[in-house]
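As a plain string of letters, each chain reads:
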Amino acid sequence: MTSHHDPKSQASKPLAATFAALAKDGRKALAPFVTAGDPDLDTTLAVLEALDRAGAAVCELGVPYSDPIADGPVIQASYTRALASGFTLEKFFAMVRKATGRVKMPILAMVSYSIIYRRGIDRFVDDAAAAGLAGLVVPDLPLEESEVLDATCKGANLALVRLVTPTTPPERAAEIAKRSTGFLYCVSVAGVTGARTDLPEGLVERVKWLRTKTDVPVLVGFGVSTPEQVKLLSGVADGAIVGSALVRRVGELAAEGPEGVARGVESWVADLVNAAR
Amino acid sequence: MPSPLSPPLPAGGISQVPDAHGRFGRFGGRYVPETLSAALDQLQAAYDEARADPSFQAELDQLLAAFVGRPTPLLFAKRLTEYAGGAQIWFKREDLSHTGAHKINNTLGQGLLAMRMGKKRIIAETGAGQHGVATATACARFGLDCVVYMGSEDVRRQEPNVRSMRMMGAEVRPVESGSRTLRDAINEAMRDWMGSVETTHYIIGSVVGPHPFPRIVRDFQSVIGKETLLFCQKELGRDPDCVVACVGGGSNAAGMFYPLVEHKGIRLVGVEAGGRSAKPGDHAASLSYGNAGILHGSLSYVLQDPDGQTADVHSVSAGLDYPGVGPEHAWWHDTKRVEYTSVTDAEALDAFDLVARREGILPALETSHALAWTVKEAARRPKEEVIVVCMSGRGDKDAAEIARLRSLENGGAHA
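Chains W and V are the protein sequences, given in the same order. Residues 1 to 277 (this note's numbering) make up the first sequence, in order. Residues 1 to 415 (this note's numbering) make up the second sequence, in order.
These are calculated hints, taken from the structure and not from any lab test. Treat the numbers as computed from the prediction; the structure is a model and nothing was measured. Zero decoy hints are in this set.
Here are a few chain V residues that face chain W, going by a calculated C-beta distance under 7 Å: (1) Val32; (2) Pro33; (3) Thr35; (4) Met194; (5) Asp307.
Ranges between beta-carbon positions, derived for each pair: (6) V/Gly281 - W/Gly101: 31 to 41 Å; (7) W/Gly260 - V/Glu159: 41 to 51 Å; (8) W/Gly257 - V/Gly118: 53 to 63 Å; (9) W/Asp42 - V/Gly281: 27 to 37 Å; (10) W/Glu228 - V/Thr199: 23 to 33 Å; (11) V/Glu49 - W/Leu143: 17 to 27 Å; (12) V/Pro7 - W/Ile121: 15 to 25 Å; (13) W/Arg263 - V/Ala400: 50 to 60 Å.
In this text, a Cβ means the ideal position worked out from N, Cα and C, and glycines have one as well.
Construct the entire structure; sequences and hints are all you get.
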């Protein structure tokens, strides 16, 4: 087993330690995505603790946005619910601060650049670092527009995780892979987020190739929902990101309150974690 | 916050935008998911190639002449001028274009571009339905598949346009998310494009969105300003004193203003939707009341809450009911080259009535905003001055909705 982390990079420190520990145990990363504030932030806090107990390696915490163009119906609906229940960035950072004090898995925020820009790049990054976030994933910020945020994140020891997609030309994909910190997010299909039943053709080769282009681990997301898929991906990538399927589960369990949601999520994610090896 | 000082101009002047990164000063750019990056690069390359190819412009010119009916005339609005009692009011008659609005100038251009790129499926968003109709029209003419996303609230209030689109073979998909208006239609079109980008071209209908869209749409619409300038110089022997256009996303205004921005003597005025009041949620006037922010792939003025969530907006006009504005308008706003103002729903409705009765033209509700400001301003200006207002579209689509609003005002007796 080789470790893919870059020991020189301060920015990816907590993430690097996590991936190194996984590699030592011969395991792969299971990286769940949950929407912050769906149905409320108390539930999200309980879910984060449950994910940690279930053995999730890292968690992506989605910051609700009113106009998420990269997201399919499941995550859109969760954002709408969260915003309707009074989500604000102040409450979000307060909850994250509590969570990062209680869990050992690094937490990243998945957040639209519209939100970061409006708050001010320095202020957003300061708030994120102060709350204990390990990094940011900014799905609507392409390479060309990312210089300022990249430098600001480096200054605050936050990872800036970048995405490559099936439509990214090879030369560009190599550049993105090189500049991603923490890990690289490989989007498995062209399209919006949402659970899909099969892994797309060509993915295995693409991930293999990407791993030769970067020092950071390569995680695969968009459409991952079952232990079988996680197992398949674990043969080639450093881990799997599970988003819409988990968000749907949280939505279905919402009526059972924070503890009910947490219990339901924990056992479901534990099965995925077991498949990630 | 807008800077109190005007930003520095590029060496060649205010018209030398955007730069290679799609920047109009600090505005514009490309804030999109990585999935779309390659398609936007491809579009940029195809557009550069088309511009260098005389046969592309020749084909477009031929269509603009024989299919659209260009050049559109300028009409002296005699009785409206008498009513205002001041400066001469002229209409640039985009409402006489095939499909009844300026939108066709852009959809034909982008339709030709799509064919150059080998893309056979077209998607579009529409608010008032004019861009949807213009896209459906271009697709029928070129033999391309067409899907139009339209907020379900707009499907209701612009029903005649929905029918036209379907008659020309387009599929109209009502959008039920969010405010069910133009902004949500753009979100859905972008989501479609995320999954179809390799075979589909997205014909965006205004000077908004990620680079290179704001530039491409502006260029295709610039025929409006070029014809206006030519007419004034040839027929009136002078430049107009003032040129007015309504601004939602801002495509008719950008096409009208862009060829004029280097003509320093011409006053340029963009009129936004003031809605019911200046309170947040009651209007759609991004430049008048908004802040710098990112929406639908570019940095411009937007109406957002302090957390960056897009604000609810309102306008009686579906085509202006949008919480953002094209980045080049933000640039002209900050450089103070164009004045931006707003008029209310009620003023726009009054202007609609006035122009209908005094000129025999039903203007679109969007256009009625520009007309409302023009009538007020003409009254204050001397008779020698010439004001040209862009009559961006015809109002047949609005007749039923206006009748409904009027009957509500009258206690619903005729509802």
